[in-house]
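Chains as they are written, first to last, in the numbering used here: chain A, 1 to 95; chain B, 96 to 583; chain C, 584 to 1064.
A few of these clues could be false.
[Stated by the list, open to error] Heads up, incomplete: computed chain A residues facing chain B, CB under 8 Å, no partners named: (1) Leu17; (2) Asp18; (3) Asn33; (4) Leu50; (5) His54; (6) Pro55; (7) Arg61; (8) Ile79; (9) Tyr88; (10) Pro91.
Don't read these hints as lab results, they were simulated from the structure.
None of the values given here were measured: they were computed from a predicted structure.
Idealized CB from N, CA, C, for every residue including glycine.
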Amino acid sequence: MALSEQEVLKIAKLAALDVSSQDLTQLSAKLSNVLDLFAQLQQVNTDHVLPMAHPLDKVQRLRVDQTVADIPRDKYQAIAPACEQGLYLVPKVID
Amino acid sequence: MNMMSLTELNQALQTKQISSVELTEFFLARIAQHDSQLNSFITVTAEQALDVAKAADARIARGDAPNLCGIPMAHKDIFCTDGVLTSCGSKMLVNFTAPYDAHIVSQFKALDMPMLGKTNMDEFAMGSSNESSYFGAVKNPWALDAVPGGSSGGSAAAVAAGLVPFATGSDTGGSIRQPASFCGISGLKPTYGLASRFGMVAYASSLDQAGPMAQSAEDLALTLDVMHSFDYRDSTSLDQPKPNYMAALSQPLAGLRIGVPASYFGDGLDAEVKQVIEAAVAEYEKMGAQCVAVELPNQAHAVAAYYILAPAEASSNLSRFDGVRYGHRCGDPKDLADLYERSRAEGFGIEVQKRIMLGTYALSAGYYDAYYLKAQKVRRLIQQDFLTAFEQCDVIMGPVAPTPAFKLGEKTDDPLSMYLADLYTIPVNLAGLPAMSIPAGLVQGLPVGLHLVGPYFSEAKLLNIAHQFQLHTDWHRQVSPLAQGAAL
Amino acid sequence: MISSMNWEVVIGLEIHAQLACESKIFSNAPTAYGAEPNTQANIVDLAMPGVLPVLNERAVELAVRFGLAVGAEIGQTSVFARKNYFYPDSPKAYQISQFELPIVGKGEITIEVDGQHKNIGITRAHLEEDAGKSLHEDFHGLTGIDLNRAGTPLLEIVSEPDMRSAAEAIAYAKAIHELVQFLEIGDGNMQEGSFRVDVNVSLRKPGALFGTRTELKNINSFKFIEKALAYEIDRHIEILESGGEIVQETRLYDPDRDETRSMRSKEEANDYRYFPDPDLLPVVVSDEQLAAIKASLPELPGQMRVRFEQDYGLSAYDAQLLTAAAVNARYFEALVAELGAQQAKLAANWMNGELAKALNKAELTLEQSPISGDALAGLLVRIVDNTVSGKLAKQVFEAMWAGEGSADQIIEAKGLKQITDTGAIEKIVDEVLAANAKQVEAYKAGQEKLFGFFVGQVMKLSKGQANPAQVNDLLQQKLKN
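Isolated chain A (complex conformation):
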């Protein structure tokens, strides 16, 4: 199965990846290559087979509703690219 360049651009947009500097023909060929591998699954009969999300058949453990107020903001923000007055800065968000 071959992906069109259009489709590649759409996927890149969804994945928030700038592919403008990449050779789209090459990229779509690379991706299509792997999609061919996917295709073989269609031959497998999976009627009445339940999808398996986890290796083990366990249920969610619940956490007691208690807080731990150990939040060293300065430490967390020391590794942030842009912060001011305790806020993370991003280009203007337009609602």
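For chain A, the structure is supplied; the task is to place chains B and C on it using the hints.
Then chains B and C, alone, in the frame of chain A:
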């Protein structure tokens, strides 16, 4: 003279034949001397390691030191280490000083094991050759023109070169076992849920599992004892009773049923590797085991299912790298979309971007059922094959990889062939089973690993099976040329 | 020209109720409102590499509590899914929500509009995490992100498109609001955003298929639901009647301009790529847990109304007012506890009368009332024990409202204590009769209307403090002779 095992190092430390500081200095010196050739470390934390070594010596002097206290070790750079660069082999995290410790890291810290540094890896654990690291490829200590395997290639190479006695790894599709095989060391991927994933940068959450990499099964038993630890912060961590891994090592193997799937020995397998594996199985027969033919009919689809599921989970897991709270941020973003798209395109290498796109596609509207859901169903079939096989046998044996370590650059233009080479290891992750690679021979001077796969929570048995082999053979004692000087 | 008679309005609501949890839904960071930016966002909320979610037990319990109260099927196995999208207030770039298997399935709630009862279907309610906040104050042309709210537990309650007017939509929103507070699953504070309403609206010719809908966001009061709907319905009619087509989109209600406008940022074709969150396992609510939660369910407004009418002999109207909000009911029950059930009617009258009037006038809510339940009880006790008359009690109430002290202090300070000493009252009565001999004569001649006049005079002379019943008795005795 051989490198010392963890048990021997422990003994030497506790009887004060050597101090932790001396030991730490010894390995730091080896790293300084050899790692420029190997590139197995991304970060070396000499100062911190020596501080911990001093603390360990004090503890030993007080007489209240636990096992492994004072023995130097290294973490794969996928584990968050408070105050230390945690890069995951990516430009994206080239400036990421983790603000907290992974659960696994805390476990070893509590023992005062000096961490020598963080080992190199394929970017975000995506790769089988360690060539996708932003910090450059790692070389195989057995042949510097060969890959060490991946993604835990740095850990494997460092252990194999005698730069560190033990290192952690992580295994999503074979990332502990395949480099262990290529570098001639022992590696164990535990049952999914046995080791906490908290603080291990996620690649594919339902497949990722941390494990130990060391010289021998005995060393693995000692360190698995630390890594097997329930952690409430990981919803998939299991509160599984811990067996005495060391005590289990000495069980005799008489009556052991070894499942040998014919499909593992088919066309794709290198003829010499095949001989090594057959010889290893024959060795077990000599030790009283018997072989049983088993079938794993759906394994042929494992690679395809894996390359849907792992990238799908990864595409979502890696979305948090957006240049806002940490990590690489592009220069001068013109708007929000530009910030995201350029930060990510600049920060992620090409293989990572490719897998993110594959995963995004597999989850997108109109394809979810055909790809993701279908792959999850195939995943169950693969699991059922194993469960059926384990009704007839105690362990499944076969090759870890179809070939010994290949040459650097040999497969970079043909990633699909690299994907397909993980055909033996991937099904194990899909099923969530424990498995090991132990050295079983050499092919043209390069090590070849034997793959042991067991039922859920059979780690103690697997270690026992591996240890008995290592009592009867000395493949695990063969050291790489670079490790020749590692004897103390 | 708007001929709205030709159109049927179809409305469905999505309500986000913040759950009353101390900690976040997937982390142990606190949920308190109004803290310094990013001081309540821990490594999990900040989506640091390697962190993992663990589900809050209380969030599950509260969701189930809601489900039971609306007679819903409880998803005994529910699954968390990731909703993937990039936005700065979403640090993981996915929201953990529930998609295919929500914790609460189909239920319903009864609303009342103009005396008519109607059942509104609840499609589902699911657990999810809240996002952070974007602050648009100017940081050199940049936006600031505060992730304190990220990970706050929410219950999203989705209705069927069963409402046919703004009045029904408001009645439904209020009914859910009331329920959330009664169940103590959330504080329902709309100003602080802990109860948010999104409105889906479409128009159709009666009997036709549903029309294209628009979704109105950012509605933070019941009044705005009405205004936003009024604007949006007119907009739909105008477009439809001029032959246009409604574009399915999300629109923001701007209360300052009283209009809705398209949210461009949400318009990019979104493909959320939902899939089960591999970091979380299926949530199973066992039969035992379900039974325990059922047993702990507090009294619901409907049940409470019936009890108030039956046990306290209140009118349906009074009972309705007293159960309109959990805070009203709690205030009332506290009064009754103080005064005894036989005085429930008195308590109801004062709450729905003087107190309601004063609050209304001052535009205050009951929580903001300057007169606490205890304080009001202090006054009503003095009515019951005849210390003050009902009339003087109103004076005392006003003084209490003005902050002049407790009922007893005010009665004492102003000398408003009722005169119940028969001798003292008799003296005043005699004085009045002596001073009004002409009127006494006329009364005895048959002008019985004058009785009220004498009462008035006695009360006046006693500065309103004479016990009216005793005044009556004495006057009747004396005028008979």
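Each hint, compared with the structure:
no. : hint  : result
1   : Leu17 : 5 Å, holds
2   : Asp18 : 4 Å, holds
3   : Asn33 : 6 Å, holds
4   : Leu50 : 6 Å, holds
5   : His54 : 6 Å, holds
6   : Pro55 : 2 Å, holds
7   : Arg61 : 6 Å, holds
8   : Ile79 : 5 Å, holds
9   : Tyr88 : 5 Å, holds
10  : Pro91 : 5 Å, holds
Violation of the numbered hints given earlier is absent; every hint is satisfied by the structure.
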